[in-house]
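The hints should help you fit chain B onto chain A, whose structure is shown.
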Amino acid sequence: AQSVTQPDIHITVSEGASLELRCNYSYGATPYLFWYVQSPGQGLQLLLKYFSGDTLVQGIKGFEAEFKRSQSSFNLRKPSVHWSDAAEYFCAVVDGNKLVFGAGTILRVKS
Amino acid sequence: NAGVTQTPKFQVLKTGQSMTLQCAQDMNHEYMSWYRQDPGMGLRLIHYSVGAGITDQGEVPNGYNVSRSTTEDFPLRLLSAAPSQTSVYFCASSYSSRYEAFFGQGTRLTVV
Chain A
1 AQSVTQPDIH
11 ITVSEGASLE
21 LRCNYSYGAT
31 PYLFWYVQSP
41 GQGLQLLLKY
51 FSGDTLVQGI
61 KGFEAEFKRS
71 QSSFNLRKPS
81 VHWSDAAEYF
91 CAVVDGNKLV
101 FGAGTILRVK
111 S
Chain B
1 NAGVTQTPKF
11 QVLKTGQSMT
21 LQCAQDMNHE
31 YMSWYRQDPG
41 MGLRLIHYSV
51 GAGITDQGEV
61 PNGYNVSRST
71 TEDFPLRLLS
81 AAPSQTSVYF
91 CASSYSSRYE
101 AFFGQGTRLT
111 VV
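For the protein sequence lines, the chains are A and B, in the order given.
According to this note's numbering, the first sequence is numbered sequentially starting from 1.
According to this note's numbering, the second sequence is numbered sequentially starting from 1.
So that you can see chain A by itself, here it is in the shape it has in the complex:
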């Protein structure tokens, strides 16, 4: 079975600072990868996805992610964080007919 690891449970960054959230996956072939965001008390919303092609993927809200096969990683980045980015972020990988999520990273933004 495929799996996703998000090594950081919590991350705190200052408003305006850059952000990188880590995601490592286990999958032999080219994976289908996603990043979702969950604001408090809400459902999940898709930020971006990678299926194939360009390894740098642009998403909504100024986020991007880079697929690195050699490192089995799909890290999420944002050049300048806003207070409204405080949320929980989930990396996910497709495993056949299943979408498998990581444990999530809680982002705190300090002013």
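Where hints are given, some of them may not hold.
Restraint-style ranges between C-beta atoms, simulated for each label pair [to be verified]:
id, chain 1, residue 1, chain 2, residue 2, range
1, B, P61, A, S3, 17 to 23 Å
2, B, T70, A, S14, 47 to 53 Å
3, A, E20, B, Y95, 27 to 33 Å
4, A, E64, B, T20, 37 to 43 Å
5, B, E59, A, Q42, 18 to 24 Å
It is worth saying that the hints were derived from the structure and are not from the lab.
Note that this is a predicted model, so its numbers are computed, not measured.
All residues carry an ideal CB built from backbone N, CA and C; glycine is no exception.
Relative to the frame of chain A, chain B by itself:
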């Protein structure tokens, strides 16, 4: 469009009671799924369906039943609630597992 609608939003059950969490989507998606979310464990797949009449188990199916009689609806049944089933439950739908999943707002279930 309403998207994915889950009811109820909150529920308290006593141990041993049964109930059904409702999920409906109006996007004509073939693929629907149920997850539970627990702190530090992310979202874990309970059951999923690739179309009407077809369901399969996910990672944590024990204690839950599903059926899919229509494209729109995918209810989740708790047969005999246990405190370990206290969680937030999310329903999602998409064209397939490889496409963007649209999530409902969740049901917060407490079993006492």
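Status of each hint after checking the structure:
Between P61(B) and S3(A), the C-beta spacing of about 18 Å keeps the proposed range 17 to 23 Å intact. A beta carbon spacing of about 49 Å between T70(B) and S14(A) agrees with the range 47 to 53 Å that was offered as a hint. Taken as a hint, the range 27 to 33 Å holds for the pair E20(A) and Y95(B), whose Cβ atoms sit roughly 31 Å apart. Distance hint check: the CB atoms of E64(A) and T20(B) are about 41 Å apart, consistent with the given range 37 to 43 Å.
In this structure, E59(B) and Q42(A) meet the distance hint of 18 to 24 Å, their C-beta atoms being roughly 23 Å apart.
Checked against the numbered hints listed earlier, the structure breaks none of them; every hint is satisfied.
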